[in-house]
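Engineer: Below, each chain spelled out in residue letters.
Number of protein chains: 6
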Amino acid sequence: MNTASISRYPVPELAQLPQDIRERIEKVQHKAGFIPNVFITLAYRPAEFRAFFDYHDALLLKEGGLTKAEREMIIVATSAANQCHYCVIAHGAILRVYAKNPLIADQVAVNYRKADLTVRQKAMLDFALKIALASHQVNDSDFSLLGEHGFSADDIWDIGAIAALFALSNRMANLINMRPNDEFYTLGRAPKT
Amino acid sequence: MNTASISRYPVPELAQLPQDIRERIEKVQHKAGFIPNVFITLAYRPAEFRAFFDYHDALLLKEGGLTKAEREMIIVATSAANQCHYCVIAHGAILRVYAKNPLIADQVAVNYRKADLTVRQKAMLDFALKIALASHQVNDSDFSLLGEHGFSADDIWDIGAIAALFALSNRMANLINMRPNDEFYTLGRAPKT
Amino acid sequence: MNTASISRYPVPELAQLPQDIRERIEKVQHKAGFIPNVFITLAYRPAEFRAFFDYHDALLLKEGGLTKAEREMIIVATSAANQCHYCVIAHGAILRVYAKNPLIADQVAVNYRKADLTVRQKAMLDFALKIALASHQVNDSDFSLLGEHGFSADDIWDIGAIAALFALSNRMANLINMRPNDEFYTLGRAPKT
Amino acid sequence: MNTASISRYPVPELAQLPQDIRERIEKVQHKAGFIPNVFITLAYRPAEFRAFFDYHDALLLKEGGLTKAEREMIIVATSAANQCHYCVIAHGAILRVYAKNPLIADQVAVNYRKADLTVRQKAMLDFALKIALASHQVNDSDFSLLGEHGFSADDIWDIGAIAALFALSNRMANLINMRPNDEFYTLGRAPKT
Amino acid sequence: MNTASISRYPVPELAQLPQDIRERIEKVQHKAGFIPNVFITLAYRPAEFRAFFDYHDALLLKEGGLTKAEREMIIVATSAANQCHYCVIAHGAILRVYAKNPLIADQVAVNYRKADLTVRQKAMLDFALKIALASHQVNDSDFSLLGEHGFSADDIWDIGAIAALFALSNRMANLINMRPNDEFYTLGRAPKT
Amino acid sequence: MNTASISRYPVPELAQLPQDIRERIEKVQHKAGFIPNVFITLAYRPAEFRAFFDYHDALLLKEGGLTKAEREMIIVATSAANQCHYCVIAHGAILRVYAKNPLIADQVAVNYRKADLTVRQKAMLDFALKIALASHQVNDSDFSLLGEHGFSADDIWDIGAIAALFALSNRMANLINMRPNDEFYTLGRAPKT
Chain A
116 MNTASISRYP
126 VPELAQLPQD
136 IRERIEKVQH
146 KAGFIPNVFI
156 TLAYRPAEFR
166 AFFDYHDALL
176 LKEGGLTKAE
186 REMIIVATSA
196 ANQCHYCVIA
206 HGAILRVYAK
216 NPLIADQVAV
226 NYRKADLTVR
236 QKAMLDFALK
246 IALASHQVND
256 SDFSLLGEHG
266 FSADDIWDIG
276 AIAALFALSN
286 RMANLINMRP
296 NDEFYTLGRA
306 PKT
Chain B
116 MNTASISRYP
126 VPELAQLPQD
136 IRERIEKVQH
146 KAGFIPNVFI
156 TLAYRPAEFR
166 AFFDYHDALL
176 LKEGGLTKAE
186 REMIIVATSA
196 ANQCHYCVIA
206 HGAILRVYAK
216 NPLIADQVAV
226 NYRKADLTVR
236 QKAMLDFALK
246 IALASHQVND
256 SDFSLLGEHG
266 FSADDIWDIG
276 AIAALFALSN
286 RMANLINMRP
296 NDEFYTLGRA
306 PKT
Chain C
116 MNTASISRYP
126 VPELAQLPQD
136 IRERIEKVQH
146 KAGFIPNVFI
156 TLAYRPAEFR
166 AFFDYHDALL
176 LKEGGLTKAE
186 REMIIVATSA
196 ANQCHYCVIA
206 HGAILRVYAK
216 NPLIADQVAV
226 NYRKADLTVR
236 QKAMLDFALK
246 IALASHQVND
256 SDFSLLGEHG
266 FSADDIWDIG
276 AIAALFALSN
286 RMANLINMRP
296 NDEFYTLGRA
306 PKT
Chain D
116 MNTASISRYP
126 VPELAQLPQD
136 IRERIEKVQH
146 KAGFIPNVFI
156 TLAYRPAEFR
166 AFFDYHDALL
176 LKEGGLTKAE
186 REMIIVATSA
196 ANQCHYCVIA
206 HGAILRVYAK
216 NPLIADQVAV
226 NYRKADLTVR
236 QKAMLDFALK
246 IALASHQVND
256 SDFSLLGEHG
266 FSADDIWDIG
276 AIAALFALSN
286 RMANLINMRP
296 NDEFYTLGRA
306 PKT
Chain E
116 MNTASISRYP
126 VPELAQLPQD
136 IRERIEKVQH
146 KAGFIPNVFI
156 TLAYRPAEFR
166 AFFDYHDALL
176 LKEGGLTKAE
186 REMIIVATSA
196 ANQCHYCVIA
206 HGAILRVYAK
216 NPLIADQVAV
226 NYRKADLTVR
236 QKAMLDFALK
246 IALASHQVND
256 SDFSLLGEHG
266 FSADDIWDIG
276 AIAALFALSN
286 RMANLINMRP
296 NDEFYTLGRA
306 PKT
Chain F
116 MNTASISRYP
126 VPELAQLPQD
136 IRERIEKVQH
146 KAGFIPNVFI
156 TLAYRPAEFR
166 AFFDYHDALL
176 LKEGGLTKAE
186 REMIIVATSA
196 ANQCHYCVIA
206 HGAILRVYAK
216 NPLIADQVAV
226 NYRKADLTVR
236 QKAMLDFALK
246 IALASHQVND
256 SDFSLLGEHG
266 FSADDIWDIG
276 AIAALFALSN
286 RMANLINMRP
296 NDEFYTLGRA
306 PKT
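Taken in sequence, the protein lines are chains A, B, C, D, E and F. Here the working numbering is used: the first residue of the first sequence is 116, the next is one more, and so on. Here the working numbering is used: the first residue of the second sequence is 116, the next is one more, and so on. Here the working numbering is used: the first residue of the third sequence is 116, the next is one more, and so on. Here the working numbering is used: the first residue of the fourth sequence is 116, the next is one more, and so on. Here the working numbering is used: the first residue of the fifth sequence is 116, the next is one more, and so on. Here the working numbering is used: the first residue of the sixth sequence is 116, the next is one more, and so on.
It is possible that some hints are incorrect.
For identical chains, the list gives no copy identity; a pair is met inside one copy or between any two copies.
Claimed, not checked - SDA-like mimics (lysine to any residue), calculated; alpha carbons at most 20 Å apart, straight line:
no. : residue 1 : residue 2
1   : Lys237    : Arg123
2   : Lys183    : Asp135
3   : Lys142    : Ala249
4   : Lys237    : Gln134
5   : Lys237    : Ala249
6   : Lys146    : Val212
7   : Lys237    : Asn292
8   : Lys183    : Asp270
9   : Lys183    : Ser267
10  : Lys177    : Ala162
11  : Lys237    : Gly180
12  : Lys215    : Arg304
13  : Lys237    : Ala173
14  : Lys237    : Phe258
15  : Lys177    : Arg165
16  : Lys237    : Leu176
17  : Lys183    : Ala162
18  : Lys237    : Asn254
19  : Lys177    : Tyr159
20  : Lys146    : Ser256
21  : Lys237    : Asp255
The hints are simulated quantities; they were obtained by calculation from the structure and are not laboratory data.
Between the sequences and the hints, there should be enough to build the whole structure, so can you do that?
Structural biologist: Laid out in structure tokens, this is it:
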């Protein structure tokens, strides 16, 4: 087991956390088999914890025109641009699982333009990166182009909002030196069978 | 009254919103005398609305080592770097009010290095800008330097988290073409008396 | 009255200046009701002062296809890109006055792409920003595009030359820590009646 | 087996290659169990192939102050900055094998500043990135700093030359759309036992 | 003789120019043996012509702590950063002549950090480049550092003002496609004897 | 004769070098009349020396769709972007000789967009610069565009590979402070007769 620090800030004991937060974490632990460090490290600030995961769930658990794998592609591509250690490793794992593709996460992290993606998905990531890196230049022609690829206005909100949420998340992880769990590095790497 | 569009997306009617959101908005309206457009435009997505304002309140209404004016300085400086129309104008107004200084918001928006700030406040904004623009380079010496200026580890989390939240907020406002209310342009410009 | 320093360099007494410079300043003072700091701070170097204001007048007082408000838009947009405290505040005020629009200067300073401008004016500012930030890439297609928006070759010279003059002016103001007069912050903010 | 194209350019048949190149490739195939795509795709140009691998061997097989794992760190970190799909994936695998560490390659690729490295190794990568991204600014103080970390002048040549060789390699791989073999994605990921 | 166009804009006939401008040009022609294109191309706008050359003379013909060669170094280094064809070629020639050094101009244009300059001259050019590229970051420590190298406050104004004037000049030359005279390419290249 | 150092590293005596390297150098010396410093400085590392010049010869001495002058244009333009003292000066000289044009090297070094080149050559350099500065963005439309200008797929490999080789070469020269021979500054400057 890796004993390196997972945050610059104190990491709370599960038992000492408010009940709603503890239950939220235990539910994830039950599903994943371990507690992803983003939960336990952000729990240092309960009110921010609740808002962050509410935001996360609102964008990633909702129905919509983007598949679960596509949402993770947005996270991985923009987090790589922001050099966010935690988010690239952890969401890379989730992307591999959702996409049932052991190669896709590393491809998207290094250079999504060369990844095994559809033209539509590359257009989606072009826009996500523009939100991540130069949102002041977003304009009507971006919306037209995405429309030509079949994205609705609500899909475009979803793309932009996921990129925006991880603009926050990447900065928090970089601020506190959040370390990904070792488990994420290998999750989903076995080839689809 | 300005009739220009305040969002690329449909703007909900107050009466049609879920009660908790309507009450939250009416409370702000009562206090400010008008509904800031960030509330009514983001209400298009109720779940994201709730998470966003919970996050906002968790960081901006809490106690802590930063004054209310200092928190607004962080918002204005980073939002200017992201060229976010809504946030610079609206939070510029709030900064003028909290700081009781009609000049400070424009100064911080144009170039905080030349603004009428203390050395400590400039160090705070140097760090906020680093979170906004190059968070992957944050390191121990940033924490040491802020410590020398009297910021506690929790203050540094606050600085970083506010910059991170507005990294999200700026991108959402740029995504939806959020327009600031005309009222914000003049709020707090009368000199302190 | 604000007693902060208005320049890193000695600020001459009006009475000690060469007569032509004194008269030029008094004429502006008579018109504006106060002496804009750019005059008195640059007067530290009389020969450069004369050349600067001759250049300024040659571009801003001449007839031509650009309105006075449009010329100020160029100054505000490029000075914001250069983070020039004096020029954004002072020419923002002049822009509000010429455009009879209390909102326009802040909009152009934060992100002209989202400002209440015509498509033609945004094309003008796209070109002005290219001159300000990447003039080595100016090419024939820039001229064609501006031509399609109705700008003559002489109008394009004017756009480029104003952006070029404030490339100089912004750097001088940043060099000497030129401080805008407090009066500029509020000038022209009363709504048109 | 993945049937996606591994190069924009024709990929030669092993049997048709000049004997020295064929032998060189068969030797690698024997050792690795597969032919890394960089060999077969670059063999399209035999003379360049020979020079490239001679250069590679001169820097990576020689004795010297840098461990084999450290040389691969330089390759992974600079190739990530250049967004080179092939080099990050393939040399990431080699780094995991040499370092006997299943986590290190992803860490270095995302943000070497947060990776499980020594202070000395981070100084080595700071310099490698400077060679990769801003070699015109290299100066005496870079050499002094590396000297303080125990690097000899010859070690510094090695660091710089490896970064320089992969400046070439990354650009070639991006030019021809070189695709990494699927095998590299999982190589060395089993934890050290 | 080269018949390529020397400007995008009409080039006036010497005989048709206002007398003061014609005399100014003839004086330069007499001294140099040819009319540098900056004179005849900018004469298309007489009022701007007068202001530009007044500014030029105020900074380059005055007494002061910088040698004539040092002033030209500032012009060449900043014009190279702005990729200004005319200014690098023409002022490169003047620099060779003033410095009596046939190598210096090309060295400064490519990378002044590697040029045959004193430490003091490199500090001067570091500051000139900061004015050219990031003047909003100029601060007190820049002034202190230059002071340590023996530059007075007035010398620093000169360095900054020359960099600022050529920020203008480079942009005008790029705007109008100003072409340097063929004569400049070889002027001063004969070794000092 | 210039006695300044030509490398940060020891410069070997010709007599002490391995015979193949000595012969290679003497052949160049015989042809050029002097030993270009790149040979004697890189000979400090014989194995790398051989690989470098093999690579160089494979790309620059081969037959192909690019003229010798065009290959040197690629070197000069990309080396200027990398601010490589040695390569701009030395290959600028070679470009002047091959192109029989005393002006072209300085033009290409300062801003190839304004140089006396054909539209086809400017498209070639646009691509070379993309390889030099942003190779991760190379895509199919770059190949289409070059195809429209008459470049074959093999020509495009040549353009990209020359830019890639000098990405290496520029970094090595910047690493070791390689100094160009004084002879290069004037070579080929006499007008074609």
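Engineer: Please go over all the hints and tell whether each is borne out by the structure.
Structural biologist: Against the structure, the hints come out as follows:
no. : hint              : in the structure
1   : Lys237 <-> Arg123 : between (36 Å within a copy, 19 Å between copies)
2   : Lys183 <-> Asp135 : neither (26 Å within a copy, 29 Å between copies)
3   : Lys142 <-> Ala249 : neither (37 Å within a copy, 34 Å between copies)
4   : Lys237 <-> Gln134 : neither (42 Å within a copy, 40 Å between copies)
5   : Lys237 <-> Ala249 : both (17 Å within a copy, 18 Å between copies)
6   : Lys146 <-> Val212 : within (14 Å within a copy, 32 Å between copies)
7   : Lys237 <-> Asn292 : between (30 Å within a copy, 16 Å between copies)
8   : Lys183 <-> Asp270 : within (13 Å within a copy, 36 Å between copies)
9   : Lys183 <-> Ser267 : within (16 Å within a copy, 40 Å between copies)
10  : Lys177 <-> Ala162 : between (22 Å within a copy, 10 Å between copies)
11  : Lys237 <-> Gly180 : within (15 Å within a copy, 34 Å between copies)
12  : Lys215 <-> Arg304 : both (9 Å within a copy, 18 Å between copies)
13  : Lys237 <-> Ala173 : neither (24 Å within a copy, 36 Å between copies)
14  : Lys237 <-> Phe258 : both (15 Å within a copy, 19 Å between copies)
15  : Lys177 <-> Arg165 : both (17 Å within a copy, 15 Å between copies)
16  : Lys237 <-> Leu176 : neither (22 Å within a copy, 39 Å between copies)
17  : Lys183 <-> Ala162 : between (27 Å within a copy, 18 Å between copies)
18  : Lys237 <-> Asn254 : both (18 Å within a copy, 12 Å between copies)
19  : Lys177 <-> Tyr159 : between (27 Å within a copy, 15 Å between copies)
20  : Lys146 <-> Ser256 : neither (42 Å within a copy, 38 Å between copies)
21  : Lys237 <-> Asp255 : both (19 Å within a copy, 14 Å between copies)
Violated hints, listed in ascending order, are 2, 3, 4, 13, 16 and 20; each of the other numbered hints is respected by the structure.
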